[in-house]
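**Student:** Each chain, written out:
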Amino acid sequence: MRSNYTDKELVEGIRNDENGALEFLYRENFHSIAYFIYNNNGTEQDAKDICQEAVILFYEKIRGNALELNCSVKTYLYSVCRRLWLKRLYYKSKFIGKIEEHDDIFSAEEHSDAEEKEKDFGRMEVSMNGLGEPCRTILEDYYVNKLSMTEICEKFGYTNADNAKNQKYKCLMRLKKMFFSAE
Amino acid sequence: MENKREQLEQIENYVSGVMSTSEKVIFETRLSADKKLADEVVAYEKLVKAFGIYANRKSVKQRLDAIHSEMQTDTTSLRPAKIRSFLSEPKVWAAAASIALVISIGTYLIMNAVSSFSSNDKSHYQELRRDIESVKSSQTRIIKELNNEKSPQPVQRQASFGGTAIAISADGYILTSYHVIKGVESIYIENKKFSRLKLKKIYTDPLLDLVIMKVDDDSFKTFGTLPFTFRKTNIELGEKVFTLGYPKQDVVFGEGYISSMNGYDGDTTSYQIAVPVNPGQSGGPLFDEQGNLVGIVSGKHTQNEGSAFAVKANYLKKTILADDSLNAKIKLPKINYLRNQGKIQMIKKMQDYVFEVKGYN
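Taken in sequence, the protein lines are chains A and B. 47 is the number of the first residue of the first sequence in my numbering; add one for each residue after it. 1344 is the number of the first residue of the second sequence in my numbering; add one for each residue after it.
Keep in mind that the hints are not guaranteed to be accurate.
Under the rule of at most 20 Å between Cα atoms (straight-line distance), these lysine to any residue pairs were calculated in the SDA-like manner [said to hold, decoys possible]:
#1 A:165 <-> B:1403
#2 A:192 <-> B:1400
#3 A:223 <-> B:1386
#4 B:1535 <-> B:1687
#5 A:223 <-> B:1380
#6 B:1544 <-> B:1528
#7 B:1389 <-> A:220
#8 B:1692 <-> B:1676
#9 B:1401 <-> A:106
#10 A:192 <-> A:219
#11 A:223 <-> B:1387
#12 A:192 <-> B:1403
#13 B:1389 <-> A:189
#14 B:1401 <-> A:182
#15 A:223 <-> B:1544
#16 A:54 <-> A:120
#17 A:107 <-> B:1400
#18 A:216 <-> B:1390
#19 B:1404 <-> A:64
#20 A:222 <-> B:1386
#21 A:165 <-> A:130
#22 B:1404 <-> A:183
#23 A:133 <-> A:163
#24 B:1404 <-> A:102
#25 B:1660 <-> B:1550
#26 A:165 <-> A:102
#27 B:1401 <-> A:109
Don't read these hints as lab results, they were simulated from the structure. Since the structure is predicted, the reported quantities are computational estimates derived from the model, not experimental observations.
One chain only, chain B, in its complex shape (with noise of 0.2 Å):
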């Protein structure tokens, strides 16, 4: 053992060259003699030459590692503007075509249903609640028709109002706009994934327009893992955001950018957004390109096309962190795993936590 350690610290000397010229002499005369020895000596520079290069590249990859989180936290987003439009997938458009047809008759009519506001500097804001009822009873009656009335339809109730909501918890705490369950007895919400849920109020906000609702039933245990987060930094003029609503009974998508960083007349508490929302999306989430929330649609311009408004994510998590007993039992969502994936995963996978809200009076 001595032996070898003495023999090790030889080669090494001899590699690294801090041997004295004796001493070198010496050695060689050894390595020439000892066939042993010599592959001793290549096999150690091999080891130490493999050595240098991983241990080079592990601190040029450091450097490049702290570089690249520096990029990351600049404003600009490190993904590139993607060219892939949701358009030119044509099978993505040839299915929401044919949903599109099938729904539209019913649908269209929804989208007069505005519901009015009493004070007058908010006379060209229309929030994005849908009426329902009128739509339903158009739509009975065209299904009676269809059936030439021979069985009787059975009577389901008929929900009063609709918007959209979000989940923002595991456990089961849901985001929408106040508006949209105002004055509303009972509350559910309804998706694929998830089917039907009854909700209780938690925490309501009419100033922001927000509402913290839980799930309520007993068939329910746990959305499972929230892929997405809030967005921590501040969002820019500019960036592309996408919302994902209900203003029919489908999901739908829209696509668009931060217009201005206020709301209507000044609201600070507001985003601007160019993305066509049609009553039913109050409520919806509105993400970054990244899969960030950052904002809940509220409502509309009704005379400037193509402007919307949305609630800041920031004033979001203030209003729930706000309460001290609500910041303790909402577990808000930590990690973002849907960063690497493109953005139709990332829809697809986002569709499981977005809900369409009913409301019964």
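Chain A on its own, in the form it takes in the complex (with noise of 0.2 Å):
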């Protein structure tokens, strides 16, 4: 890992998905995040979810070129915690007070469409979770890994491509009726 990066490099290595530049964003910022969690009644564990769900956010809108930095990534990272943050306390009606909306970082169009982000995944997540195996894995190694149906009717042992794009088929139905009926 390199020991430092300026904001750009960070940037840029988070955009061309550089290991070494995501550790080094999770390594600095991690304490400075669990120091907010834990004094505002969070565990390690909440720290840990906390920071995770930050940096991907951050991770996708880099990738995404969705991002216009106009703070620091510390700063930014960091707010979008404390709303994070505060958000699941007031759920569960630990923080009374108003989240305010504040820190210029966060225009009101993101918000929306980013919630409508956050629900598609929940569900695709709670989805994948209920489809058991080997669906999801059939699943996985097709959209995610890309690995070919030959390669799948191998790893698999299916007789024959048929089979096994038969079985994928049967595996996405599935997903789509659990997705949809999520809604």
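These two chains come separately, so use the hints to put the complex back together.
**Tutor:** Written out as structure tokens, the structure is:
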């Protein structure tokens, strides 16, 4: 891991999906975020969850060219975490104050967009978890790891590619049903 | 079924853009005519998009988890230094102060009790066993005076020696310093949760100054799951530690840091700690900030202010594991349930497993 990145290098590194940049981002920010969370009714697990969620959001935005930073990366991440955590406390009704949607960092349109995305993500997570094996792995292999049907056929020991295709089709149908019924 | 599958494959090809131009034209004509098919395409797109987000996050999360666990194995703690100090909790402080007031008269006398050492090179080493007899007699005198001797006090056998001990397995194994129970005939432990339990000696190690005992009491079944573990990695110089002990009849918390990696006169089996300790705290557990057991308090320096000693946990484990028959019997706790909790909660839970040792001659 490189010992230092400027913000610009960091963003560039994330954009190119460099492992070192991701690691630097996480290591550099975890402590201050964890500190905030410990001091606001949170545990170490909470700190880990929130910090990872924020890093993932940041990563997605950079990769999708959807972020124009007008402050330092550290400040950005910190305010994302702050918002995520207060929201979580709010739902646990431990925080009664108003979560000011301050910090010009987030525009209103960004909010609704992000919320839609979060909803979809949540539903997909529930569906995938409910899908079970081998469906989950088959779909991940095909759509994420971009394995070919022949490779999947071999990996799961189907007699021919058509059987594997059929299985994949069934899995996708089940996922679809679960995903849209969770709506 | 077959049709549906074909249709899905077509949608898939269309959305992922692998259709040839002619196929695409045909498909798009169908699309504009067939409302149902168009809906299917939209649904598919949505599904794939959500799936993409899910998969991406999952893989980034896996990478972050790896980074996180790597950070955890680093020597530095993940938990930043806490600002919350014991003294800044007004309620706790007030409670402690009031308890201290009530008991201080009796206990201050105890502090002078020192068990002597024969060898010269340990002349500045003080074992922290508490000698109770002298204090008790003076206490009875005070009580008598208070009651004007109206009612005769029931005669209760007074303990001769006191110390601290810690439970190390759910089924009743107890660890304390050897010198606490040296030359003592019957040994009892006491705390709020389990009240009073009789012990028998299982294994003694005078060199390390450790003894393992087991509860030998009909009323006892189990301590339940112990919430702490032995620390697996080496502790570092300067790390924060705390102890719980019984220099008086209430549990007392003490906090400090590892001030040297070796103990008295270069003793490699113990640490030097900067934690205020007093007679009665021998055998008390020394925990790190995450609630892992790192040592057993054994003594202090008589000349240097603020240096005490604790036997290293690695050696504790070696003692326990040295004997195969013991090793098989004692099931050390494996999971630390206290990691994520604040210090106050941690102490609250640990108290149940820290005992006052009472030895009778």
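**Student:** Taking the hints in turn, state whether each one holds.
**Tutor:** Now the hints, each set against the structure:
no., hint, result
1, A:165 <-> B:1403, "holds (19 Å)"
2, A:192 <-> B:1400, "holds (16 Å)"
3, A:223 <-> B:1386, "holds (11 Å)"
4, B:1535 <-> B:1687, "holds (17 Å)"
5, A:223 <-> B:1380, "holds (16 Å)"
6, B:1544 <-> B:1528, "holds (10 Å)"
7, B:1389 <-> A:220, "holds (15 Å)"
8, B:1692 <-> B:1676, "holds (15 Å)"
9, B:1401 <-> A:106, "holds (12 Å)"
10, A:192 <-> A:219, "holds (19 Å)"
11, A:223 <-> B:1387, "holds (11 Å)"
12, A:192 <-> B:1403, "holds (17 Å)"
13, B:1389 <-> A:189, "holds (14 Å)"
14, B:1401 <-> A:182, "holds (13 Å)"
15, A:223 <-> B:1544, "violated (65 Å)"
16, A:54 <-> A:120, "holds (12 Å)"
17, A:107 <-> B:1400, "holds (12 Å)"
18, A:216 <-> B:1390, "holds (15 Å)"
19, B:1404 <-> A:64, "holds (15 Å)"
20, A:222 <-> B:1386, "holds (8 Å)"
21, A:165 <-> A:130, "holds (15 Å)"
22, B:1404 <-> A:183, "holds (17 Å)"
23, A:133 <-> A:163, "holds (17 Å)"
24, B:1404 <-> A:102, "holds (7 Å)"
25, B:1660 <-> B:1550, "holds (15 Å)"
26, A:165 <-> A:102, "holds (16 Å)"
27, B:1401 <-> A:109, "holds (15 Å)"
Taken one by one, the earlier hints fail for this structure only at number 15.
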